[in-house]
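> Now for the letters of each chain:
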Amino acid sequence: MSESLRFTFDVDGGDFTSAGHASVQVKKNLRQLGLSPEVIRRVSIAMYEGEINMVIHAGGGHAEVLVHEDCVEIILDDKGPGIADIEQAMQEGFSTAPDQIRSLGFGAGMGLPNMKRYTDSMEIFSTVGVGTKIVMKVNY
Amino acid sequence: MTVKELTEKMGLKAACMPVPEREISGAYIGDLLSWVMGRAGADCAWITIMSNLNIVAVASLADVACVILAEGVTPDGAALDAARERGVNLLLSEAATYETAIALSHLIK
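In order, the protein sequence lines correspond to chains A and B. Per this note's numbering, the first sequence runs over residues 1 to 140. Per this note's numbering, the second sequence runs over residues 141 to 249.
Check before you lean on any hint, since a few could be wrong.
Stated by the list, open to error - Chain B side only, calculated, beta carbon under 8 Å to chain A, not exhaustive:
#: 1; residue: Thr147
#: 2; residue: Met150
#: 3; residue: Leu173
#: 4; residue: Met190
#: 5; residue: Asn192
#: 6; residue: Leu201
Claimed, not checked - Reference listing, derived: stretches of chain A covered by chain B, where coverage requires no fewer than 3 residues with Cβ under 8 Å from a Cβ of chain B:
#: 7; segment: 17-28
#: 8; segment: 42-48
#: 9; segment: 103-109
#: 10; segment: 113-125
No lab work stands behind these hints: they were computed from the structure. Owing to the predicted nature of the structure, the values given are computational and were not obtained by experimental measurement. For every residue, glycine included, the Cβ atom is placed at its ideal position computed from N, Cα and C.
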């Protein structure tokens with residue numbers, strides 16, 4: 001673990017339009033490391049969806065990306081309201097996003113399903129009123 | 141087919157074309173951004189009527205070859221700046237989404 005490359009980001013919850021900065025930076029970093037376009041794409045999309053979720057629901061949070069020998073690990077941590085029913089949140093089409101978010105093209109209830117779709121493993125640890133932590137891995 | 145060739149053959153206007161030689165493979169139509177990220181293939185042409193900054197992030201992260209804004213929609217200033225900065229091809233079609241898609245289907249598989 002100590003040899004893995006590590007990138008950390010604070011995700012700003014205040015500015016919705018700037019969401020994606022961390023994901024774009026990770027994409028650049030991974031490209032410089034020479035990872036395959038498909039791995040970069042999967043990591044980028046999963047992370048962007050997570051970033052958007054933290055901005056919409058949690059007022060921002062913290063993101064960490066670790067480049068291991070056999071996978072890229074993405075850890076997203078927020079102190080938002082938590083997810084009451086994870087199984088329900090994982091269903092395509094289920095969303096609690098407000099209307100103004102939908103007018104921007106988000107809030108379709110596809111964020112968490114996409115994160116699962118593009119990663120090899122995904123774990124959600126959430127406590128209502130405390131926050132949510134999501135750990136995702138994309139294997140090479 | 142490259143983005144530049146497509147632009148010429150379809151009579152599109154390029155709002156910005158930082159990577160004209162990029163090859164296009166496939167197409168996707170949609171305005172809900174997570175649907176696009178979930179379904180659009182890498183290197184595709186993406187037709188949408190969304191014009192805000194977030195389409196640039198989605199296009200870049202999903203690695204599409206170009207975005208075609210249909211129905212005469214134009215990008216807002218922030219989106220255009222971001223597209224130039226991030227190397228996202230942003231094309232404009234005066235035609236409706238359906239007609240744009242039909243024209244596209246004659247040119248790419």
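> Against which earlier hints does the structure fall short, listed by number upward?
Failing hints, ascending: 1 and 2.
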